[in-house]
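S.K.: Given next are the chains, with one letter for each unit.
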Amino acid sequence: MNTPELVSVSVEVNGACFDATVEARKTLADFLREDLGFTGVNLGCEHGVCGACSVLLDGAVVRSCIMFAGQADGAKIVTIEGLARGGKLHPVQRAFLDHHALQCGFCTPGMVLAAVDLLRRNANPTAGEIREALAGNLCMCTGYVNIVRAVKAAAQILQAERAG
Amino acid sequence: MSGGSGQWKGRALRPREDERFVTGRGLYLANLNLPRSLHAAILRSVHPHARIISVDASEALKLPGVACVLTGEQAKAISRPLRSLIPLPVEVPHYCLAHDKVRYVGEPVAAVAATSRYIAEDALEKIRVEYEPLPAAVDPEKSMAPGAPILYESLGSNVLWHDCFDYGEVDRVFAQAAHVLTERFFIQRYSSTPLETFGCIANYDDARSYLTLWTNDQRPGQAMPIIAHSLGLSAAQIRFITADIGGGFGNKRKPPYLVLTALLSKLSGRPVQFIEDRRENLMALVHACNGVMDVSVAVAEDGTLVGLKVRDIADEGANLLNPTVHSLLKLGNITNCYGIRAVRFDGYSVVTNKCPSGANRGIGKPFMCFALERMMDSVARRLGRDRIELREKNLLPPESMPYTTPTGALIDSGNFPATLKKLLEIADYRSFKEEQKRARAEGRWLGFGLAIAVEPSTSNQSAYILTTKRRAASGAGEAAMVRVESDGSVQVVLGDVGSGQGHQTAAAQIVADELGVPFDEVQVSPYFDSLVSPWMYTTGNYSNKFAGTDVGAIQGAARKVKEKLLDLGAHLLGVPRETLELADGAVRSRSDPQRRKTLAELAHVAYRDLLALPAAMEPGLEGRYYYRPALADLPDDERRVRNQLFVSNAAHAAIVEVDVETGKVSILKYAIVHDCGTVLNPLIVEGLVHGATAHGIGAALYEEFAYDEQGQLLTTTFVDYLKPSAMEIPDFKNDHLESPSPFTPFGMKGVGEGGAIPAPAAIANAVDDALAPLGVRLTHLPLTPERVWKAIQSAQGKT
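In order, the protein sequence lines correspond to chains A and B. Take 1 as the starting number for the first sequence in this note's numbering and just add one per residue. Take 1 as the starting number for the second sequence in this note's numbering and just add one per residue.
Quick caveat, the hints were computed from the structure, so don't treat them as lab data. Just so you know, these numbers come straight off a predicted model, no measurement behind them. Heads up, the beta-carbon is just placed ideally off N, CA and C, and yes, glycines get one too. There's no promise every hint is true.
What the hints assert, rightly or not - Derived lysine-lysine pairs resembling DSS-like cross-links, with alpha carbons at most 30 Å apart:
{"hint": "1", "chain 1": "A", "residue 1": "K152", "chain 2": "B", "residue 2": "K669"}
{"hint": "2", "chain 1": "B", "residue 1": "K393", "chain 2": "B", "residue 2": "K421"}
{"hint": "3", "chain 1": "A", "residue 1": "K152", "chain 2": "B", "residue 2": "K393"}
{"hint": "4", "chain 1": "B", "residue 1": "K733", "chain 2": "A", "residue 2": "K152"}
{"hint": "5", "chain 1": "B", "residue 1": "K422", "chain 2": "B", "residue 2": "K733"}
{"hint": "6", "chain 1": "B", "residue 1": "K669", "chain 2": "B", "residue 2": "K564"}
{"hint": "7", "chain 1": "B", "residue 1": "K664", "chain 2": "A", "residue 2": "K152"}
{"hint": "8", "chain 1": "B", "residue 1": "K76", "chain 2": "B", "residue 2": "K126"}
{"hint": "9", "chain 1": "B", "residue 1": "K393", "chain 2": "B", "residue 2": "K669"}
{"hint": "10", "chain 1": "B", "residue 1": "K437", "chain 2": "B", "residue 2": "K798"}
{"hint": "11", "chain 1": "B", "residue 1": "K790", "chain 2": "B", "residue 2": "K433"}
{"hint": "12", "chain 1": "B", "residue 1": "K664", "chain 2": "B", "residue 2": "K433"}
Said to hold, decoys possible - What follows is a set of in silico ranges between Cβ atoms, one per label pair, in the way DEER data are often shown:
{"hint": "13", "chain 1": "A", "residue 1": "A60", "chain 2": "B", "residue 2": "R381", "range": "52 to 60 Å"}
{"hint": "14", "chain 1": "A", "residue 1": "K88", "chain 2": "B", "residue 2": "D735", "range": "31 to 39 Å"}
{"hint": "15", "chain 1": "A", "residue 1": "G87", "chain 2": "B", "residue 2": "R444", "range": "51 to 59 Å"}
Just chain B, same shape as in the assembly (with noise of 0.2 Å):
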């Protein structure tokens, strides 16, 4: 499937968008201004659960400038339920604002539309609410016992989803197992952070009912039909535009302020824009899970895992609109890269009166490769076996690809030994032993961990059948355009314009290739814009998704195009359309290249002298695509799926030192080796692993959004919520193979994920291993140096 080498892929060009931004040009939300727009603020809830008694928002509608307020039971009045992607068991009606109660610190109460957005502060000030203060269900095992305060009374319990999955004789594996480990690890709430925070600006037209949302929310296809519903419009009502995105990440998703937003500009007749403050985005936006996780795994007498049993629980907060994500995703990752046949994956996911839930980079995978490769560790302590050598015996051997997975996941490419060794070689283990036991003397605390990880991308859709029962939707998807204009220049529109992953510029490569003009001359759109740009419900940025579903829509689209140009080309030269091919910006004869039509000779055809087109040929030079992944499947009677499509693959390792009198860890080294098959654009490529790899770091030792025992969020700023800077991510010695994928055009596979999933296991794994002597085992994300301080006393006898 192959479409071959170009001149333009492969190549190591610099991302276009970077000019725009290093010149302090970026198309971000807030450089957007609507003439007559007002600006809104929102009033959140200070308590983590609580009645809400009475709204009284009379004060601050007198306050000159505030043009409207909205209280939830207005929009309770004016809008209909926001519509969960994932059907609840018993549907539970909730809007853009509380209206009967609050369930966390944060969520939106009221909002206010106003001149200016300090105009819309002073308002919030003014509203009177009066709450009746319930207990809060905050641990998420708690919330399950009975006798828990409840967040949704009509579901009866805060547990949202269960289900079991089975894979294999488990039971019976793990009987006859030579060993069987357990062990219980958790994972903190926390999050990207995209550097720009959520934002959208609203202009209702009532004398239309047409609604148009410039948005930087990273998935419009998924968005406007929740919107539609809440707001009581159709599709064809609503225009949806987005323009650079500052960051997504996953993060950048939100239904409910677009309904609000839209609300505020129905109410006061004028274009009204909301943009969160980093307070607002740290205690509302969303938060990847915490959760909890029991892994048993058995473990023949050679050191062969051959069972695997998980108990999880995924802690959604107040997540009504996509839970059980976190929970789903992990059945992609759970046997990582690994050959183990029997599995059980035994899933809560449960509400509790903390932010809602939902993606981050990875999402449910970092925990699941973080037990895993934990248990990796513990297992080879156990058999007293080497740790690589442990792994090296358990890995998927090249000759098995493609492998499915006990889960029905299909690993489509990869050589995990290869990964492993070239890691190990550029970590350079063999000299670390050495240096480890002279630090040791020195009285110097130093570790080597590693993680080896898949890397699943492309979600497809039928996956949520299995939490569902119910088909909304199936399959993966995007769509793109292709068009050469009337004088012959290209333009690409995409259904994905990314958000700092450099797409517009793998757009304009692929194209380049593919119609045989210099890369410079093709223009990508920087804008998604639902009345231009082809999309559906699969269309945005997620799921590491471009590889696996915009390069074909885009090569499909692209292609298109070429055929036509072809046509027509053998139609005006008179030639066979065989003989011809199209490089150099023209249609030509491969025999003889001087006969040709340039692009602006076959696009003054196709617009202009439409009479000199063949009789039935439409005028034009537009292909549209929307592309569809052939890979994606249904879930089987035994419940197996491909939840995502296409597996990338990496391994890390890290050295670190522990000061044991501070519990402080620093990283020495860090070193990474990813394998996403054929790499469009190197420079690309890197920048993702690195900054997903960042992503991992903050994960692992600093990031935490840190509840009390009430519910109150006590991180609501980068003072309280630590975000690595430069001085904590080190230098990166990094790496790559190339594992074509054979089921995507040109064998690519996801890349921006690999680094978040393995770098928390690899780090722990190193802490584990500096401080072996003292038997210190870490089962707690982040690692701060309270957590690993209290670990040593703990295994030192002190407390």
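Extracted from the complex, chain A is given alone in its bound form (with noise of 0.2 Å):
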């Protein structure tokens, strides 16, 4: 084998900035685990299905095992780790935490940024558009009751911030 096509990738990652040669075949999801220690970022399939490894890339939803890290290069990116701010949590995992709308947790970081993203774009689904959008992200533990309760609290939370 040849040695390996090296790119150059900068980014943003929950408001730290990183510079970093990769391999060009290095996916996003790998070059945030393994390079900079983003662990929340939960591989399940590798192919694009699960949606556990989510993240929020220039402000929309993308899976970042199915990008190559050099296609990131400068992007913002933010993980389940950059959700939270000065220690307190975001809305959507507050009320995660309140509906118990997770079990094993290995779909929590995904299913959390697609309803953070959901809740950016609509600020007051339906139950039916909720599942809509978190169709993408599969979990296998909860049957998703739960989820879209918490998602429809977390959208009233967001809504009271904002008024108040």
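Using the hints, put the two chains back together into the complex; each one sits in its own frame.
M.R.: If you want it as structure tokens, here you go:
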């Protein structure tokens, strides 16, 4: 095998800047986990279906397992580790706790980020809209019922915060 | 036997495990990193069945970054065969890698350890394997027939096990019955596919022959002896550690991978990490057995079920490790909630060229329940009776509890008629009939289906004596440790740390009540560590056994410490022990609560001021308890046994709509009533009921490991193997009954399979009801659009 092709990547993750040189074939997920230490990015399928590895990239939810690190050059990324601010959980995280919207926790980082993304686009989603928005995130434990409840509750918290 | 209510038990406390998960700080295996660690990748068979002519790894070894390659022949040379959990009629030596033949697509053939997973996978492409393809045994019934391709020549047949169990006067009952109905049912291969795949990190220290394993294997007690035997180590030479397990559902056990990774570490002299990718997980971890079941019921003129005959064929794939489990566990729910007294179970365990079968939520019981609850609807139709009234007539009444079934299973508690009644209330069954009429007038096909189920939990190892004729293990059990540390803080270590079921939270609730300390002050370790944690063969996370064994272990350990705290308090306070209690973090006088010694003061004496202890008292405040429930028995002369010890129950109802143009089934409403005895934490119990039901829905409608006729697996990604998403799983309307078990410490019983067992039957019964005017009868799972559409076409005489 030939010497692997290397690419340089500059990203901002959770507010901190990183410059690195990585193999061109390295996935964004592996880069975030192995090189930068963001192990909240969980790998559930590595073929872009389960959504566990979801991160927010320039404000949109992406599956970091089917993107190359090099494709993220110049991007601003938020992982689950970057959601809580100053030790205060994001309302979606709080609602997931209050409604026990998780069991084994492996899907949770992706699920929470997908919910955050939904609530940015739609402040008051119906249950059907929540289900549709989360359809790309598989949870093997909860049957989704408590997740839908949590996202509804989070929407209310966020709306109250905005009103207050 | 009730321990009484406490301050913390019974409360809907938020599971403490959740906090680290919502912030992305789960202690999953893939997040552990050892210095110098290598990454393993496995070369897998592309053939369902083939002779291995040669394996040439020389080119792979030249690749920079590759530390070592292990082939099947090498594995055979440097390890001993994997010991089957269930002794086979003839020993069939098998290893962590295939060496003579491959027997399923995805079977490990060689493994590479390299400095990254990327390089390890590059190296796999350079390994040359020459195969001589052989015809494959794929269909289980054809595989039983003479002339079928044989997987294991030394067995002489693909029938690994066959036995017929007779309870009661089956032939007489059938001969005299007013009605006999016979049907045939099929279940597919599926699995609960925990979102975290299987993984392990092995560090083999050759200098002192000591192996440290970090893994997410959910059953350490069973894995340990297998690994030790294969590697030629003693149990004292292995340290086995688990942390957060990202879902298990029975699937996450794979001793061959632990052995393989340990061998790579031994060869390379470095820690080696192996983590399945999803494709490997779907093709080669475990599948629930697919199967064929012929069921006959004998019914009296008045609608009473009097006899049951089951011929069951379980397709084990290439499983030599733990076959017959899917067969044996059916004896625990074969008569379900009914009073049938004459039962025959004619069981076959057949090997085929498919992924090895293994434990999966419910193990065999979903199929048993499916077949019997489908038969109940058939009987109702045949007799012109209402299906609910027929069930009511046959349900065991609450006054019959505890009830021993013909197979020896003990139903410890339950009120089945009340469960069914409540289900019909919350499912709004009465108004559905009108809705169905209106819908039909509009050309919409709506149906209502229900299924009821017993949910046995806590496996009794003695049951395997029935299939093996050998006493490899008996009883049930778990272990735990509670320690008041030197500063008075409380630490709990579990044999079974769970894999998402909130065991750490539940344990803290129990210990807080036992020791009279606040819930938040009880630390529960998320780790199982064989060096620290008390454990035995039965240790691990399986069989919904938390209520049946783990609670007793936790309570027992806490009570040992409590006794000592009271003894020490009595000594230090100079009062009789009987006058003392444990409350508010102290031992105090019942009559004068100001006379007290805090846990910190007692711990100071127990660990530091040793001369203040009573002369005969051992220092320290630690309780270890190895618990075994008294109900576990051995099979009797009639081959009756309590194969699982505590029996919860559930009733499910589904309202579905079928699109007759496409065959698509949509669930409009889903109602659940569940009874697992005393509820320790309602939040956790409700979550498990939801999740198990979602698994049942997946099995009913979507999930299938499909093999073609040559034995190629067609579903190796989540694109082909369909897991239900939030769009497919409906909101659940659920309610609970509490029928405490008289035989567990607080009356708790197992929870976690109750949804997976009845859901396929409830949904299939609903689809049949929807399509009743067309005369459609579905007997194959899953009810995919294609299958339903074909059934409609066939009923209409179009095919």
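S.K.: For each hint, tell me whether it holds in the structure or not.
M.R.: We went through each hint and held it up to the structure:
For the suggested pair A/K152 and B/K669, the alpha carbons sit about 20 Å apart, so the restraint of at most 30 Å is met. Using a Cα cut-off of 30 Å, the hinted pair B/K393 and B/K421 holds, with the two alpha carbons roughly 13 Å apart. The straight-line distance between the Cα atoms of A/K152 and B/K393 is roughly 43 Å, outside the 30 Å bound, and the hint therefore fails. As the CA atoms of B/K733 and A/K152 are separated by approximately 17 Å, the hinted pair is consistent with the 30 Å bound.
Using a Cα cut-off of 30 Å, the hinted pair B/K422 and B/K733 holds, with the two alpha carbons roughly 11 Å apart. Taking the CA atoms of B/K669 and B/K564, the gap is near 54 Å; set against the 30 Å cutoff, the hint is violated. Taken as a hint, the B/K664 and A/K152 pair is honoured in the structure, with Cα atoms around 29 Å apart against an allowance of 30 Å. Of the supplied pair hints, the one linking B/K76 and B/K126 holds, its CA atoms being roughly 22 Å apart against a limit of 30 Å.
Using a Cα cut-off of 30 Å, the hinted pair B/K393 and B/K669 holds, with the two alpha carbons roughly 26 Å apart. The straight-line distance between the Cα atoms of B/K437 and B/K798 is roughly 26 Å, inside the 30 Å bound, and the hint therefore holds. Between B/K790 and B/K433, the direct Cα distance comes to roughly 27 Å. Compliance with the 30 Å bound is thereby established for this hinted pair. Simply put, B/K664 and B/K433 have alpha-carbon atoms about 22 Å apart, close enough for the 30 Å limit, and the pair holds.
Taking the beta carbon of each, A/A60 and B/R381 are about 53 Å apart, inside 52 to 60 Å as hinted. Range check, A/K88 to B/D735: about 36 Å between beta-carbon atoms, so the 31 to 39 Å window is met. Our hint of 51 to 59 Å for A/G87 and B/R444 holds, since their Cβ atoms are close to 53 Å apart.
Hints 3 and 6 from the list above are not met by this structure, while the remaining hints are.
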